[in-house]
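Enquirer: Sequences are here, hints too, so could you generate the full structure?
If you number the sequence shown the way the working numbering does, the last residue is 181 and the count never jumps.
Please keep in mind that the hints were generated in silico from the structure rather than gathered at the bench. Please note: incorrect hints may appear among the correct ones.
[Claimed, not checked] Listed below are the simulated PhoX-like cross-link pairs for lysine-lysine, each with C-alpha atoms no more than 25 Å apart in a straight line:
hint, residue 1, residue 2
1, Lys51, Lys94
2, Lys94, Lys68
3, Lys94, Lys70
4, Lys158, Lys73
5, Lys68, Lys158
6, Lys70, Lys166
7, Lys166, Lys73
8, Lys10, Lys51
9, Lys94, Lys73
It should be emphasised that the depicted structure is a prediction, and the values quoted were computed from it without experimental measurement.
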Amino acid sequence: MHIPKPNELKEWRERLGITQAKASDAVGITQSYLARIESGHSNPSYNLILKLADFYNSVEGAKEETIKDKYHKGIDYVDATDTLEKVASLMKWKGYSQVPVFRNGHSVGSINEMQVNAQIHELGRETAMRVVVSDVMSAPYPELDEDSPLSLAASMLKHVPLILVKRGQNLVGVLTRSDLL
Numbered sequence: 001m002h003i004p005k006p007n008e009l010k011e012w013r014e015r016l017g018i019t020q021a022k023a024s025d026a027v028g029i030t031q032s033y034l035a036r037i038e039s040g041h042s043n044p045s046y047n048l049i050l051k052l053a054d055f056y057n058s059v060e061g062a063k064e065e066t067i068k069d070k071y072h073k074g075i076d077y078v079d080a081t082d083t084l085e086k087v088a089s090l091m092k093w094k095g096y097s098q099v100p101v102f103r104n105g106h107s108v109g110s111i112n113e114m115q116v117n118a119q120i121h122e123l124g125r126e127t128a129m130r131v132v133v134s135d136v137m138s139a140p141y142p143e144l145d146e147d148s149p150l151s152l153a154a155s156m157l158k159h160v161p162l163i164l165v166k167r168g169q170n171l172v173g174v175l176t177r178s179d180l181l
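Expert: Dropping the structure here:
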């Protein structure tokens, strides 16, 4: 096992984004003592170095990748009162196969190309294009905070084609299966 040197401990702590106060609390020493160790002005015991290394290792293992850097910023959507003509137009223009449905700024449903095509097949193109989205939409897509683990999103995307991404209470983007490639 590699025993880290004082300057390596400091670099490791800073890379993890841990403050001296948090690290010193975690291993039961004062912040000033940790500062002296990191600067090379104090010789810590072997056990203390192991405690710090164990703490940094545990933090490293706990830092799982989030969806924050994977999703598309912004959301293209249709309103529940729009017609299928608008849905079809948006899908063709943007190359989407599914679109969230909103009402008064809130996600209330979803619609996909299979639903639009089913209406065209059943009613004929001209009549189908006048159908209101709320009459044929499905359940809304799930929502996740942008700090959610990527593994959770990947698991959810096995069952749904799209996840709406939130920052706090605001919807800020979408994550699709292709974003995980």
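Enquirer: All hints are to be evaluated individually against the structure, with a verdict given for each.
Expert: A quick look at each hint next to the structure:
1. For a cut-off of 25 Å, the pair hint linking lysine 51 to lysine 94 is broken: about 53 Å separates their Cα positions.
2. At roughly 23 Å between alpha-carbon atoms, lysine 94 and lysine 68 fall within 25 Å of each other, so this suggested pair holds.
3. Annotation: proposed proximity of lysine 94 to lysine 70 holds, straight-line Cα distance about 19 Å (limit 25 Å).
4. Between lysine 158 and lysine 73, the direct Cα distance comes to roughly 21 Å. Compliance with the 25 Å bound is thereby established for this hinted pair.
5. Restraint check for lysine 68 and lysine 158: the C-alpha separation of about 19 Å stays at or below 25 Å, so the hint holds.
6. Between lysine 70 and lysine 166 the CA atoms are separated by roughly 13 Å; this keeps the pair inside 25 Å, and the hint holds.
7. With a CA separation close to 10 Å, the supplied pair lysine 166 and lysine 73 stays within the 25 Å bound.
8. Taking the CA atoms of lysine 10 and lysine 51, the gap is about 14 Å. The hint holds against a cut of 25 Å.
9. Restraint check for lysine 94 and lysine 73: satisfied, since their Cα atoms lie roughly 15 Å apart, inside the 25 Å limit.
Going through the hint list in order, the structure does not satisfy hint 1, though it satisfies all others.
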